[in-house]
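Asker: Residue-level listing of the chains:
Number of protein chains: 2
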Amino acid sequence: MGGDNAPHIVLAGANIARLRYPDVRFILFGDEAELAPRLKKLRGLPDVVEIHHTSERVLADDKPSQVVRTGKQTSMRLAIDAVKEGRAAGIVSAGNTGALMAMAVLTLRTLPGINRPAIASFFPTLHGETLMLDLGANVSCDAVNLVQFAIMGEVFAREVLGTKVPTVGLLNIGSEEIKGNEALKQAAQTLRESDLADRFHGFVEGDDIPSGTVDVVVTDGFTGNVALKTAEGTAKLIRAFVREAFQSSNSARIGYVFAKRALDKLRVRTDPRRYNGAMLLGLNGVCVKSHGSTDAVGFATAIGVAVDMVKQAVNKSIAERVASGQADSALAVS
Amino acid sequence: MGGDNAPHIVLAGANIARLRYPDVRFILFGDEAELAPRLKKLRGLPDVVEIHHTSERVLADDKPSQVVRTGKQTSMRLAIDAVKEGRAAGIVSAGNTGALMAMAVLTLRTLPGINRPAIASFFPTLHGETLMLDLGANVSCDAVNLVQFAIMGEVFAREVLGTKVPTVGLLNIGSEEIKGNEALKQAAQTLRESDLADRFHGFVEGDDIPSGTVDVVVTDGFTGNVALKTAEGTAKLIRAFVREAFQSSNSARIGYVFAKRALDKLRVRTDPRRYNGAMLLGLNGVCVKSHGSTDAVGFATAIGVAVDMVKQAVNKSIAERVASGQADSALAVS
Numbered sequence: 001m002g003g004d005n006a007p008h009i010v011l012a013g014a015n016i017a018r019l020r021y022p023d024v025r026f027i028l029f030g031d032e033a034e035l036a037p038r039l040k041k042l043r044g045l046p047d048v049v050e051i052h053h054t055s056e057r058v059l060a061d062d063k064p065s066q067v068v069r070t071g072k073q074t075s076m077r078l079a080i081d082a083v084k085e086g087r088a089a090g091i092v093s094a095g096n097t098g099a100l101m102a103m104a105v106l107t108l109r110t111l112p113g114i115n116r117p118a119i120a121s122f123f124p125t126l127h128g129e130t131l132m133l134d135l136g137a138n139v140s141c142d143a144v145n146l147v148q149f150a151i152m153g154e155v156f157a158r159e160v161l162g163t164k165v166p167t168v169g170l171l172n173i174g175s176e177e178i179k180g181n182e183a184l185k186q187a188a189q190t191l192r193e194s195d196l197a198d199r200f201h202g203f204v205e206g207d208d209i210p211s212g213t214v215d216v217v218v219t220d221g222f223t224g225n226v227a228l229k230t231a232e233g234t235a236k237l238i239r240a241f242v243r244e245a246f247q248s249s250n251s252a253r254i255g256y257v258f259a260k261r262a263l264d265k266l267r268v269r270t271d272p273r274r275y276n277g278a279m280l281l282g283l284n285g286v287c288v289k290s291h292g293s294t295d296a297v298g299f300a301t302a303i304g305v306a307v308d309m310v311k312q313a314v315n316k317s318i319a320e321r322v323a324s325g326q327a328d329s330a331l332a333v334s
Numbered sequence: 001m002g003g004d005n006a007p008h009i010v011l012a013g014a015n016i017a018r019l020r021y022p023d024v025r026f027i028l029f030g031d032e033a034e035l036a037p038r039l040k041k042l043r044g045l046p047d048v049v050e051i052h053h054t055s056e057r058v059l060a061d062d063k064p065s066q067v068v069r070t071g072k073q074t075s076m077r078l079a080i081d082a083v084k085e086g087r088a089a090g091i092v093s094a095g096n097t098g099a100l101m102a103m104a105v106l107t108l109r110t111l112p113g114i115n116r117p118a119i120a121s122f123f124p125t126l127h128g129e130t131l132m133l134d135l136g137a138n139v140s141c142d143a144v145n146l147v148q149f150a151i152m153g154e155v156f157a158r159e160v161l162g163t164k165v166p167t168v169g170l171l172n173i174g175s176e177e178i179k180g181n182e183a184l185k186q187a188a189q190t191l192r193e194s195d196l197a198d199r200f201h202g203f204v205e206g207d208d209i210p211s212g213t214v215d216v217v218v219t220d221g222f223t224g225n226v227a228l229k230t231a232e233g234t235a236k237l238i239r240a241f242v243r244e245a246f247q248s249s250n251s252a253r254i255g256y257v258f259a260k261r262a263l264d265k266l267r268v269r270t271d272p273r274r275y276n277g278a279m280l281l282g283l284n285g286v287c288v289k290s291h292g293s294t295d296a297v298g299f300a301t302a303i304g305v306a307v308d309m310v311k312q313a314v315n316k317s318i319a320e321r322v323a324s325g326q327a328d329s330a331l332a333v334s
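Chains A and B are the protein sequences, given in the same order. If you count the first sequence from 1, position 278 lands on 278 in the numbering used here, and the numbers rise without skipping. If you count the second sequence from 1, position 148 lands on 148 in the numbering used here, and the numbers rise without skipping.
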């Protein structure tokens with residue numbers, strides 16, 4: 001029931017995902033009176049869907065601290081409970097990020113050895129994709145958090161993205177060792193001495209995110225959130241500039257006709273809906289957050305992210321990696 | 001003598017600036033043996049230039065803390081001294097940012113009532129430009145720093161950019177009052193109660209920078225630096241994508257021929273050289289930092305920024321504004 005266009009894009013998104021993942025079944029948590037009539041109209045979908053009725057929902061401006069206490073019958077909380085109790089393999093929500101985070105941490109708990117979960121997502125680059133975390137779960141992070149994010153990101157890039165030897169960078173304002181705050185310096189030191197040393201690239205800067213210098217960019221949730229939104233906004237601005245340029249003269253308008261096919265392909269390539277679905281990594285359960293303003297295509301992408309996480313057993317791999325890292329004294333900082 | 005392409009782009013840049021600002025004279029600090037032969041080749045420039053010889057220079061990887069102690073005869077330090085002693089109205093350098101910052105603070109001192117200077121520069125937006133500060137002078141900032149940056153940014157937008165009633169936003173990871181760290185919440189509270197209240201827009205997010213939601217974006221140096229470089233990198237990526245698209249088929253190549261004029265105009269509009277020249281605001285003297293990798297055109301832009309700051313007497317206006325603000329108890333936080 002969460003997000004700007006719920007519940008219809010959730011249903012339509014599931015209908016797209018159903019064709020891509022024929023073995024996946026869905027439990028829809030929400031108001032049956034709203035869901036059932038829409039569901040009936042999507043042929044084929046009712047076969048793989050069950051509705052779990054609740055009339056309560058989390059609103060976009062509900063305070064996470066409040067929702068945690070009073071929202072036990074909300075659609076979001078009931079969906080998280082289903083993951084905790086093993087009735088669902090993962091949850092996908094387009095609702096209130098803070099509430100999802102707070103309730104998921106409280107209900108699912110973090111994986112053993114992980115202090116805080118992180119929000120992770122992809123950036124397009126010239127040659128592929130960069131994974132970045134944290135994108136907003138933690139306003140400030142200490143060195144231990146950053147090291148744990150590096151471990152989780154490396155596992156994800158290896159297991160889900162199939163990068164054989166993923167490289168990891170710490171986001172900073174210069175590549176020299178003396179740059180940045182104490183948490184960054186300490187995290188870099190720990191990573192250089194850990195068994196991730198061969199994959200640790202050192203510090204990277206903002207422009208290394210879109211240029212794809214490393215496979216995994218690690219940062220605190222404040223910086224990551226600002227960087228993500230600045231990149232999205234800048235991409236939007238440049239697209240608007242290009243659109244304006246093509247409308248600025250008759251010759252440009254003719255050029256657009258010839259170039260349209262190529263530009264359409266580019267639009268598909270950089271379509272934000274292709275990058276929808278941020279993962280809450282480090283939880284004892286699969287939890288994916290969709291953009292609140294996405295459409296059915298974007299929501300289907302977010303479902304795909306959750307399916308990948310389940311199929312690749314990412315959480316199990318992270319837990320194993322952390323357990324082996326803690327045997328290694330260098331990672332057992334505290 | 002600083003930057004990747006010194007000293008020739010500095011000389012060539014001055015030669016461009018000379019035509020734009022016929023009343024400006026230049027003192028070049030550096031190695032006369034390198035400067036004099038190049039200078040002679042640029043007709044007209046010797047008339048407005050004097051060389052102040054020194055064989056020492058700050059290198060790109062010199063540590064600021066060291067340069068401050070041992071670099072008293074470097075071209076950078078001598079140029080700053082000239083500003084302090086009133087022999088120059090301002091300094092423009094493409095050299096080591098940390099060293100410039102450290103020596104400028106030590107030599108020129110901050111303006112009365114300003115605890116820390118901030119690096120400020122412009123972002124292009126759809127409808128004009130956004131001023132952002134701090135872009136890297138201060139890794140962490142307290143509420144007082146952020147409030148002072150807001151004051152300086154507002155003065156600059158009003159006096160130099162000519163914006164009648166500039167709006168100011170604090171960069172955060174959400175627009176709600178509960179978001180962000182304590183420094184941000186405290187700064188927002190102070191600004192809401194200050195005589196900048198009518199210009200204070202509240203919190204803004206990363207995508208508000210390129211969309212131009214406010215005239216002035218205030219942030220700490222770490223976040224600002226990451227945001228700036230992420231935006232630059234993303235713009236570069238999208239341009240590379242567009243270039244690839246135009247080379248991807250014969251039809252697209254024909255389209256490019258028709259659209260070339262419009263796209264060239266766009267390139268000029270978003271040319272990073274048009275935005276070269278970051279100001280060190282809050283110092284008792286005009287100090288402008290050029291990108292180390294810029295060319296003559298970019299360096300001339302940076303000179304123009306310094307000329308504007310001198311002509312508009314920005315520092316005087318900031319000092320007056322701070323003094324009047326301190327009478328106002330709300331701004332006298334400490």
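Source of the hints: derived by calculation from the structure; they are not laboratory data. Quick caveat, the model's predicted, so the values are computed rather than measured. Glycine residues also receive a C-beta, built at the ideal position from the N, C-alpha and C atoms. Keep in mind that a hint or two might mislead.
Reference excerpt, derived from the structure (chain A facing chain B, CB under 10 angstroms, subset only) [unchecked claim]: (1) 124; (2) 172; (3) 265; (4) 312; (5) 316; (6) 317; (7) 320.
Pairs of lysine to any residue, SDA-like flavour, derived with a Cα cap of 20 angstroms [said to hold, decoys possible]: (8) A:236 <-> A:201; (9) B:236 <-> A:211; (10) A:260 <-> B:244; (11) B:236 <-> A:122; (12) B:236 <-> A:63; (13) A:265 <-> B:250; (14) B:179 <-> A:323; (15) B:236 <-> A:127; (16) A:179 <-> B:62; (17) A:179 <-> B:63; (18) B:260 <-> A:251; (19) A:236 <-> B:268; (20) A:265 <-> B:181; (21) B:84 <-> B:139; (22) A:185 <-> B:316; (23) A:63 <-> B:27; (24) A:185 <-> B:254; (25) A:179 <-> B:65; (26) A:260 <-> B:179; (27) B:236 <-> A:129; (28) B:236 <-> A:243.
Asker: A separate judgement is required for each hint: does it hold in the structure or not?
Answerer: Here's how the hints hold up against the structure:
1. 124: 8 angstroms, holds
2. 172: Where the cut-off is 10 angstroms and the nearest Cβ of chain B is about 8 angstroms from residue 172 (chain A), the hint holds.
3. 265: 7 angstroms, holds
4. 312: 28 angstroms, violated
5. 316: 31 angstroms, violated
6. 317: 29 angstroms, violated
7. 320: Interface hint status for residue 320 (chain A): violated (32 angstroms vs cutoff 10 angstroms).
8. A:236 <-> A:201: Roughly 30 angstroms between the alpha carbons, so the hint for residue 236 (chain A) and residue 201 (chain A) is violated.
9. B:236 <-> A:211: 9 angstroms, holds
10. A:260 <-> B:244: Answer holds: residue 260 (chain A) to residue 244 (chain B) is near 13 angstroms, not above 20 angstroms.
11. B:236 <-> A:122: With Cα atoms ~18 angstroms apart, residue 236 (chain B) and residue 122 (chain A) stay inside 20 angstroms; holds.
12. B:236 <-> A:63: Outside the cut-off at roughly 38 angstroms; violated.
13. A:265 <-> B:250: Holds, at about 15 angstroms.
14. B:179 <-> A:323: 34 angstroms, violated
15. B:236 <-> A:127: 14 angstroms, holds
16. A:179 <-> B:62: Given pair residue 179 (chain A), residue 62 (chain B) holds - Cα atoms ~13 angstroms apart, limit 20 angstroms.
17. A:179 <-> B:63: Holds, at about 11 angstroms.
18. B:260 <-> A:251: 9 angstroms, holds
19. A:236 <-> B:268: Holds, at about 18 angstroms.
20. A:265 <-> B:181: 41 angstroms, violated
21. B:84 <-> B:139: At roughly 26 angstroms apart (the allowed maximum being 20 angstroms), residue 139 (chain B) and residue 84 (chain B) break the hint.
22. A:185 <-> B:316: With Cα atoms ~39 angstroms apart, residue 185 (chain A) and residue 316 (chain B) exceed 20 angstroms; violated.
23. A:63 <-> B:27: Cα-Cα ~59 angstroms, so violated.
24. A:185 <-> B:254: Distance ~51 angstroms between residue 185 (chain A) and residue 254 (chain B) Cα, so the pair is violated.
25. A:179 <-> B:65: 13 angstroms, holds
26. A:260 <-> B:179: 42 angstroms, violated
27. B:236 <-> A:129: Holds. Residue 236 (chain B) to residue 129 (chain A) sits at ~16 angstroms (cutoff 20 angstroms).
28. B:236 <-> A:243: 17 angstroms, holds
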